[in-house]
Amino acid sequence: MKHLKMAKVFFLVLFSLGFLYSVISLAIYYYDASKAEAKIAELRRELAEPDGHQPLNYSAPDGLNEADGSVTIWTAEPEPGMDAEVKREAETTPRVFEIAARFRYLHSKNNDLVGWVSIANTRINYPVMQNKEDPLYYDRVNFDDVRDEIGLPYLDSRCEIAPKNQIQIIFGHNIRRRGLIFHDLTLYEDQDFWEKNQIINYDTLYDNGIYQIFAAIKYDARNIKKDDFQFHRYTHFSTAKGFDNTEHNFKIYKEQILKRALYDTKIDFDINDQYLILATCENSTSNSRFVIFAKQIYE
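Quick note on the numbering used here: the sequence shown kicks off at 15 and runs consecutively.
Keep in mind that the hints were calculated from the coordinates and are not lab data.
Just so it is clear, CB atoms sit at the ideal spot from N, CA and C, and this is done for glycine as well.
Treat each hint with caution, since some may be false.
What the hints assert, rightly or not - Just the calculated beta-carbon pair ranges, DEER-fashion:
(1) Asn301 / Lys273: 19 to 29 Å
(2) Tyr277 / Ile311: 13 to 23 Å
(3) Val85 / Asp158: 18 to 28 Å
I would like the entire structure built from these sequences, with the hints used as guidance.
Listed below in structure tokens is the structure:
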């Protein structure tokens with residue numbers, strides 16, 4: 015009987031410690047999430063208007079000037095069907111990409127900033143980051159290079175913005191408890207929501223883009239084999255390098271998207287479109303993704 019009482023006390027203490035740990039962990043999570051929200055709100059305040067007009071609290075750092083951050087691409091990417099003379103000119107004409115005025119201040123604070131993505135009537139309104147040396151860096155790091163569990167949306171390390179490759183792929187966490195980062199992508203599971211909210215604004219440092227959503231899918235990332243459909247397999251089609259039968263690859267890719275789409279948007283897309291893919295986690299399986307596909311309709 016004495017041993018039974020001791021066992022009950024032991025399990026009661028163990029349960030109490032476990033409960034206390036859970037409460038403390040949850041409190042820390044909400045505290046960290048609140049700090050992350052405050053930091054993101056600050057970044058939004060520091061982002062200039064589309065015309066480059068700086069917010070009232072703007073304070074340019076020393077040495078920042080109009081040419082800061084410009085990129086010169088000496089060899090332009092030849093386009094399909096380009097005749098020989100035009101191709102030679104493209105390959106020998108430098109192209110200069112200069113950071114848009116609205117991004118210069120934030121870029122001076124963190125050179126990993128590559129753009130901004132937002133969707134009306136959602137909480138998606140975030141900087142887009144990219145660290146090519148550590149592709150998953152912003153999965154658990156904030157704009158100030160401080161580790162947190164929220165992270166920031168980040169561009170696939172294979173993607174370029176100067177010049178912009180055909181398919182831009184952006185990943186972000188699904189922070190359900192606070193509705194942060196890419197949680198609101200899951201709203202597109204509802205076709206009625208899509209019908210009223212089809213547009214994504216995605217501006218890089220060097221250009222603006224308005225995209226129309228044409229498909230939403232759930233993607234199970236478990237046990238994926240080399241030849242299985244992968245929503246993030248390609249970063250280009252019309253100027254594909256290293257791929258044979260590009261038209262054939264696109265045909266299969268398109269068929270898989272349409273097959274997996276949660277509903278029919280009746281929006282067509284082809285091999286020459288510019289694409290934006292946004293992806294986040296969702297809980298259909300242990301390793302499931304919610305992915306939306308959009309094509310550029312205006313620059």
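Verification of the supplied hints:
no.	hint	verdict
1	Asn301 / Lys273: 19 to 29 Å	holds, 20 Å
2	Tyr277 / Ile311: 13 to 23 Å	holds, 20 Å
3	Val85 / Asp158: 18 to 28 Å	holds, 24 Å
Checked against the numbered hints above, the structure violates none of them.
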